[in-house]
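In order, the protein sequence lines correspond to chains A and B.
Just so we're aligned, residue 1 is where the first sequence starts under our numbering, counting upward by one.
Just so we're aligned, residue 998 is where the second sequence starts under our numbering, counting upward by one.
Honestly, I wouldn't trust all of these hints.
[Said to hold, decoys possible] Covered by chain A, per the in silico footprint, the following chain B stretches (three or more residues, Cβ under 8 Å): (1) 1020 to 1031; (2) 1056 to 1068; (3) 1101 to 1107; (4) 1124 to 1131.
[Stated by the list, open to error] Not the full set, but computed from the structure, chain B residues with beta-carbon under 8 Å of chain A: (5) P1005; (6) A1006; (7) R1035; (8) Y1110; (9) C1162; (10) R1164; (11) E1185.
FYI, nobody ran anything at the bench for these hints, they're computed from the structure.
We put the beta carbon where it would ideally sit given N, CA and C, even for glycine.
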Amino acid sequence: MSANYRLPTGGRIDRGQPVRFEFDGQSYSGYAGDTLASALLANGVTLVGRSFKYHRPRGILAAGVEEPNALVQLERGAYTEPNTRATSVELYDGLQADSQNRWPSLKYDIGVVNSWLSRFFPAGFYYKTFMWPERMWTTYEHVIRRAAGLGVAPKEPDPDRYEHRYDQPDLLIVGGGPAGLACALAASRAGKRVVLVDESAELGGALLGDTAEIDGKAAVDWVADVAAELAAADTVRVLTRTTLTGYFDYNYLIATEHVTAHLGPQRSDAVPRQRLWKLRAKQVVLATGAIERPLVFADNDRPGVMLASAVRTYQHRYGVLPGHAVVVFTNNDSAYATAIDAVGAGRPVTLVDCRTSAGDAVTERARSAGVELVFGSAVTAVRYSGGIQGVDVMSLSADGRTVSGSVRRIDCDLVCSSGGWNPAVHLHSQAKGKLRWCEDTQTFAPAATAPTMAHASVGACNGSLTLSHCLEEGWAAGGGEGDGPRAEAAPVGAALRPLWVVPTDHPLGEGPKKHFHEFQNDATAADLLLAQREGFESIEHTKRYTTTGMATDQGKTSNVNAIGIVAESRGVPVPSIGVTTFRPPYTPLTFGAVVGQNRRHLFHMVRKTPMHAWSEAHGAVFEDVGDWKRARYYPRGGEDMDAAVRRECKAVRDGVGLFDASTLGKIDLQGPDTAWLLEMLYTNAWQGLAVGKCRYGLMLNEHGMVFDDGVTTRLGEHHYHMTTTTGGAARVMGWIEEWLQTEWPDKRVYATSVTEQWAVMALNGPRSRELLQKLTDDDVSNEALPFMSYKAVTLAGVPARVFRISFTGEQSFEVNVPARYGRHVWEALVAAGADMELVMYGTETMHVLRAEKGFIIVGQDSDGTMTPADLGMDWIVSKKKADFLGKRSLSRSDTARQGRKQLVGLLTEDPELVLPEGAHIVSEVRAAPPMPMLGHVTSSYYSPNVDGGRSIAMAVIADGFNRKGSTVDLALIDGRAVRAKVVDPVFVDPAGERVKS
Amino acid sequence: MTTQNGTPAARTALQDTNALNGAVSVRELPLSGKIAVRGAADDAAFAATLAPGDNPLPTAVGERAEADGVRVVCLGPDEWQVHVPLDRVDAEVTRLRDGFGTAHSAVVDVSDYFTVLELGGVATREVLAKLTPLDVSAQALPAGSTRQTRMAKCTVLLTIQSDHCARLQVRWSHAEYLHDYLVEAAREFNL
């Protein structure tokens, strides 16, 4: 573990800045510019985790986001984050990481027993084993869940900040490698508004781990020059450490930017940890590069088996070469560079090529560098014991199905594998682009794009694997004119040899060796063959059966291999198999980024009335009604809700109470057809309503069911003021607009929401006029302002609309003043009422008072299945009008039948018993549910005003009207059975005299 | 009958909320006059009455015209909002109603329905871009532009006063939420 694989020179790390970090509790040192992976490799740490299913030891395979193995638990406590790829984690001082999926320790993991028992854990094991007997699944699940899964989610609230940010570039370029940079350069010079995102800490992409030249200078110097030019351009925004995570319809994309996430836990939350960019781009250029695919050979998952290009990247970008003796196993020319460069660093290198020859140029360069070349052969075994000891190599048959001859043992501690390159087509696929099969490179590349998308793929992600092509395509896509950046054309090479499964001396799937094609979900080549034998012919079915490509890496390294293996096993061409679907996110993103700033008080608005602050200062207890906060009651001196509500209820009936009704929906209606509209919206007649008069109405939906109610007042010849329920305000406004715009565009009515224009306070009680008159010189007597009429007055010095309407059955005035004066008038009323024992009351008291009168609350006493007749409100349904919304449905046989659930009053035999709302009325009390149900309690309160104080309730009961006078049984949820008498739901002033007084 | 000191006390939606002062500032402007107007632009009497001064009536959404302290902003094909000093609202409502005559129209005082927040500072556009999918760049929304759009969860009438100042007209009861959202968005610029 103390081995040092850091090269003496080279790399883009800052050797003057050592960085301390911990892995599994042990301290190590790396350098600024390292990733956790490069620092671990430099320290000789090759074992970094246990695999998902078999708990096999796993190391670092890759150097980028495609890493399937090296997933670590980063940090602890509230800051912990599972499944972070060590290859993408920038090293920072004090970093703490832990391996995952092991117990009790990484080195001695008990779950490895799964590996010894692996023949009992075939693909589809869970489906086959635990689906019978079905009822036992819940038992199995507990055990399986505990053993499965990678990493641990934090239990604490996320201490970090996140935010969302929008942008609308002309051109969004994804990927800052050679193609992306050439594109950005051209677009920038053309003055386009460009956003360039790259997931790495610095621009350059693959060039950062390469020794190529562009425009006659080292590629990394070219990158630095381009980065500087882009940074200086006003119209270009460069976002590094930013992953394009999702590509959605109509060129809408999201990208996650690590603002401080790469620095570890932060003390300050001044800037967000991550920022989610929501990008609407006119044009998208994908320059996401290509991902090397591993060869699928026996025990190819051993720590120390790595992608050939990754090893080269570690050497050049991080100054790490994680082996002393190297074997490179390849089926194509690209891995030769890894071999040549490793020799250059003083390592002995044997290159095993499954082909009989390679390209002339690379062969010559490798030979002269001193690489030992072994052609026509394959690695058949990896000897592993706490580290790689060596590999076995045998001759490969011409058809690639068998190996033969003597076994040659090559000692080594690092195996580099290359099975070719897969263009990173994920975003192209997310955008519903089609793919084409490339026979020469044996992979899929982008083809046609979907019609609603405007994007192009350039460079390696387009299947163009040479640097010169990457630069050319990028430059052209950016609108570049003339000569763009240039690189030397690659020499002509030899074709890749498809070799989807590397044979051993055992038939596949037999013997102890495993050929992994999918590392993160532990899926082997044998699993794919099993799936084919069991009839999962569709690649999508095979995917779900074997779980290939379903891990968090979405099969970045495994996908094409899986398709190739399936095709080969079935003896059909690869493109005939089809492809699975890539879905967002490209790499996992945090819930924090998804939520952004929309949490806590910013999750949703809390709407408050102009009098809210006064009520708050005077001890009101609030409740949520829709988005509004409404004062529920105003306790005095330690009162609980019951005590406060009884006091408030009594005071209103005996004297005067003041209530904040500002939240009621209000709609201003103007136009000559308004009365006609009201006739359609409400069930009753409106044509005859005189100016200055108010009328109550019920609104029905098309099904004849009550959906809102309220009072509408005629302010002028063609001018009306409608009120709605608090919760229904937006719904009614939408309802009116929908009918006016879609069915009745010829009707001359304009509707304007004025809910918040007016602060509304309701004065209720026999002394309310007396109080009101104190604040106005206008005549508000019963003669001047009778019940159901309206008057504009000056109140407390400000203009007010006073409506003589009531939701309590008391003498009542609803005072509307412009919102700015709400607090002023409220305080004036409070002051004027001081010597009248004025009480402020809240929604709870309002509920009791209206229930005493049997007034419904839509949505509480009705539930979308109640007609006016069901509510005992047939009187408000016009029999003369030709039409109104819902009229037709009232004559439907079910709506018109007898015996429907109907609203009635209930009086419990025990007057002190307040029924729970929702309690069931049953036709027969049984020892235990179920019991035949007749209906349920909709409203239930203690009323201090009925019979000197007793409980009252409203309920909907089947055939309720005919049951009046009889007694019904209720089965309460606590097991009690009680009885109540069915009565009219009007408990106070049934003659209705008080409201007119 | 008058109040104790003779002057009714008008309050705004965020009367009790302190302004944010920093590199980015957020404050509520004093109450101003706003009148919602509906009608048909092709009705001669209507258009002539609504058009401010000698200007033609703005008919493209977001377009506005101004004269003598009266600004008319077009919000939709048959919808405008008139901005006037608070003490001229009643007179303007009367003038519009009288001028429209029998033309089918609606004139509604909505001065209290909305309040206006002012966002200031060099990062104004950066802050706005955290709240709305609308393109708020200088190219798309130069100074003087007005748009009705979604910001966070609110419907906002956004006016770009300059590159460093924007006004957000929002419903009274949404103002506190929008204000808090702006303060949060401004945090990184106010260190």
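Which numbered conditions among the earlier hints are violated in the structure presented, ordered from lowest to highest? Numbers 1, 2, 9 and 10, in rising order.
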